[in-house]
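> Here the protein sequences come in this chain order: A and B. Residues in the first sequence are numbered consecutively from 1, following this note's numbering. Residues in the second sequence are numbered consecutively from 1001, following this note's numbering.
Hints are not guaranteed to be accurate.
Here are some of the chain B residues that sit facing chain A, going by a computed Cβ distance under 7 Å [stated by the list, open to error]:
#, residue
1, 1049
2, 1052
3, 1070
4, 1093
5, 1128
6, 1131
7, 1151
8, 1176
9, 1177
10, 1178
11, 1210
12, 1211
If you're looking for bench data, these hints aren't it; they were derived computationally from the structure. Just so it is clear, CB atoms sit at the ideal spot from N, CA and C, and this is done for glycine as well.
What follows is the residue order along each chain.
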Amino acid sequence: MSESQHTFGDYGGQYVPEALMPAIEELTDAYERYVLDNEEGFMDEFRQRIRDFGGRPTPLQRADQLSERYGTEVYLKREDLLHGGAHKLNNALGQVLLAKYMGKERIIAETGAGQHGTATAMAAAHLDMPCEIYMGRRDINRQRPNVFRMRINGAEVNPVDIGRGTLKEAISETMRDWATTVETTHYVIGSVVGPAPFPAMVRDFQSVISKEARRQFDEQVGGLPGAVVACAGGGSNTMGTFANFTDDEDVDLYAVEAGGSTLSVDEEEGVAPNSASLSIGEEGVLHGARTKLLQDSHGQIMESHSVSSGLDYSGVGPELAYLVDEGRVTPVTVDDDEALEAFHRLSQDEGIIPALETAHAFGFLESVAGPDGDGSVELPETVVVNVSGRGDKDLEAVIEETDKRDLDNAPTMEVFTDGA
Amino acid sequence: MGLEDAFDEPAFVPYLAAGDPDFESSLEYVEALARGGADIIELGLPFSEPIAEGPTIQQAVVRSLEGGMTPERFFEFVEALDVDVPLVCMTYYNLIYQYGSEGEPPVRPFVERAAEVGIDGFVVPDLPAEEAGPLRDACDEFGLDLVFIVAPTTRGERLQRMMEQVSGYVYVQARLGVTGARADVSNQTEESLARLAEYDVPKAVGFGISSGEQAADVVAAGADGVIVGSALVDIVADGAENDLPTAEVADRLESLARELKQGAVDGAQRRPRPEGT
Chain A
1 MSESQHTFGD
11 YGGQYVPEAL
21 MPAIEELTDA
31 YERYVLDNEE
41 GFMDEFRQRI
51 RDFGGRPTPL
61 QRADQLSERY
71 GTEVYLKRED
81 LLHGGAHKLN
91 NALGQVLLAK
101 YMGKERIIAE
111 TGAGQHGTAT
121 AMAAAHLDMP
131 CEIYMGRRDI
141 NRQRPNVFRM
151 RINGAEVNPV
161 DIGRGTLKEA
171 ISETMRDWAT
181 TVETTHYVIG
191 SVVGPAPFPA
201 MVRDFQSVIS
211 KEARRQFDEQ
221 VGGLPGAVVA
231 CAGGGSNTMG
241 TFANFTDDED
251 VDLYAVEAGG
261 STLSVDEEEG
271 VAPNSASLSI
281 GEEGVLHGAR
291 TKLLQDSHGQ
301 IMESHSVSSG
311 LDYSGVGPEL
321 AYLVDEGRVT
331 PVTVDDDEAL
341 EAFHRLSQDE
351 GIIPALETAH
361 AFGFLESVAG
371 PDGDGSVELP
381 ETVVVNVSGR
391 GDKDLEAVIE
401 ETDKRDLDNA
411 PTMEVFTDGA
Chain B
1001 MGLEDAFDEP
1011 AFVPYLAAGD
1021 PDFESSLEYV
1031 EALARGGADI
1041 IELGLPFSEP
1051 IAEGPTIQQA
1061 VVRSLEGGMT
1071 PERFFEFVEA
1081 LDVDVPLVCM
1091 TYYNLIYQYG
1101 SEGEPPVRPF
1111 VERAAEVGID
1121 GFVVPDLPAE
1131 EAGPLRDACD
1141 EFGLDLVFIV
1151 APTTRGERLQ
1161 RMMEQVSGYV
1171 YVQARLGVTG
1181 ARADVSNQTE
1191 ESLARLAEYD
1201 VPKAVGFGIS
1211 SGEQAADVVA
1221 AGADGVIVGS
1231 ALVDIVADGA
1241 ENDLPTAEVA
1251 DRLESLAREL
1261 KQGAVDGAQR
1271 RPRPEGT
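The shape of chain A in the complex, shown without the other chains (with noise of 0.2 Å):
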């Protein structure tokens, strides 16, 4: 029988409540048997219904205006289009058919943007199992239209009042849930985080990514890219991007973090204005894994921020802590106000209104080979970089927070906005 990872390096172990540690044993037989091993045929019928369901395979897809702009052929691994509008659907299908083959009876979720408490939402409808989905009040309001699609595929949404009411807050609340009942539910947990054998999982889930992406670029160009860039909260659509391609040395993997407003943090308030733990993070424990954390000098989590609220999280996966340690992993930041252009130039340019999140990942290309560029990374003859997601969730925050600022390629939307 196939073992599952239980840690990364130093990275990942099982930190948790004893009343989880049955249940985390339980899941980790189920994980090495079903998903591994394929047993019952669990993998064959995952594989159907992500196609079927989900849409899959995505496409790779050339970016001709960017590929000009910046001087090298950039395709997109097309995430988008699948069923949901992002790549959480990959594992949360996964974790619910898991949960059924287990027996369980309930599905609970955290979410931070919405994306992952829509699939898992999505999948239980389609797997008919009942679901509840925590969420920060925070997030709540900054992504309504997501908690509507959640209610509307029958899940109950319960608001996370407290703390500052994000992604952190959530899981938290989560983890009390699933302490309580930990017998009949199962935790769909929406990233590479967490206690073993979560971070191993999700990534084998989310693997299929770069499975075909690796398949599509040698059919479409031949060989393999020179890099591959995706953006990084938790990590799960970076790990499922990079996944067939760590052991290709000659593929560069850029990682690439939310900046927030600033690099600083302020021990004080106990905030760090971003959400970049694998640059600036300090190795801790926290959400049941050891990784890399925004910590303050006690060991206090802080608070983390991004424009995105899907890359907003104090924490990252252990394996990414790990590859980063490793250098097999370049991790890199992209503040709002670049987020937020690359938005806007993805949207005019290719037409693909790119997730918050997503964003970041552009607006790497555009700070190291736009006209403005820093020159600090030599783009490589080609680059995939994963689309993870749309970006209809974040058209109102993309209005307020463009208001904000002066962004030259933005357009103005005052005509439709003001005395509404």
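Given chain A's structure and the hints, the job is docking chain B onto it.
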């Protein structure tokens, strides 16, 4: 002296978050618990992400952190306490892990400092036996106990592994879920106590106990002690919200402590007597 000795008679083990709502009042509250008959006191060192706690203790954590509590301040708090009762530090692993200067091996500096100020043991809710090696080693080095929480779901090999590492007492989690006062005592408690019967270590039951009557029921069911947190924290919260005089809050804490201690003692009388010879 290890924590085990506190269980010679049915023990009352209260919990409060240190520094809730402020350093000075909190000192008086903890001392009131000692006067009320506490045999061991669990002092919470607040962590920003208390995943095992219900709303009552989450709010206590927020009040204490807003009052300026830090690990170093916690150690000063313990030094300032005037009680003659063994003390257990209850906190989350990241605070233990981060303490100390750069370059020092993690965990050991925290345990060394805790021993220095008079802490007798630890409960770390997010540290299962599998990950506890470094903390167990440091506790052995400085002569401190390491308490583990046994959940209603803990069985077989896991229970065995935990029992090999535990010292002081086992914290028997009365029900699944998070901390918080409840009206009834779960029957999961009796099952857990039965599974633990063969192990020669004191068993203290916590999660949901709020009255003398419940304390008596738990001890009658075979527990060696009762752990009470949220019901006491509720009194502190009421004092903080309504701006009550510290002495009044301390009196209420002392009086509930007496009730709980008395309940534990009464419960022992109700235990089935061993077969006479």
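> All the hints need checking, so say for each whether the structure fits it.
Now the hints, each set against the structure:
1. Here the hint on residue 1049/B is kept, as its CB sits about 5 Å from the closest CB of chain A, short of 7 Å.
2. With a cut of 7 Å, the hint placing residue 1052/B at the interface with chain A holds, because the nearest CB-to-CB distance is about 4 Å.
3. Because the closest C-beta pair between residue 1070/B and chain A is about 5 Å apart, less than 7 Å, the hint holds.
4. The closest approach between the C-beta of residue 1093/B and any C-beta of chain A is roughly 5 Å, which is under the 7 Å cut-off, so the hint is satisfied.
5. For residue 1128/B, the suggested interface contact is upheld, since its CB lies about 5 Å from the closest CB of chain A, less than 7 Å.
6. Below 7 Å, beta-carbon pairs count as interface contacts, and residue 1131/B has one with chain A at about 6 Å; its hint therefore holds.
7. For residue 1151/B, the shortest C-beta to C-beta distance to chain A is roughly 4 Å, which falls under 7 Å, so the interface hint holds.
8. At about 5 Å, the closest approach between the beta carbon of residue 1176/B and any beta carbon in chain A falls short of 7 Å, and the interface hint on this residue holds.
9. At about 4 Å, the closest approach between the beta carbon of residue 1177/B and any beta carbon in chain A falls short of 7 Å, and the interface hint on this residue holds.
10. Hint status for residue 1178/B: holds, given a least beta-carbon distance of 5 Å to chain A, under 7 Å.
11. Because the beta carbon of residue 1210/B sits about 18 Å from the nearest beta carbon in chain A, more than 7 Å, this interface hint is broken.
12. For residue 1211/B, the interface hint is violated, the least distance from its beta-carbon to any beta-carbon of chain A being 22 Å, above 7 Å.
When held up to the earlier numbered hints, the structure conflicts with 11 and 12 and fits the remainder.
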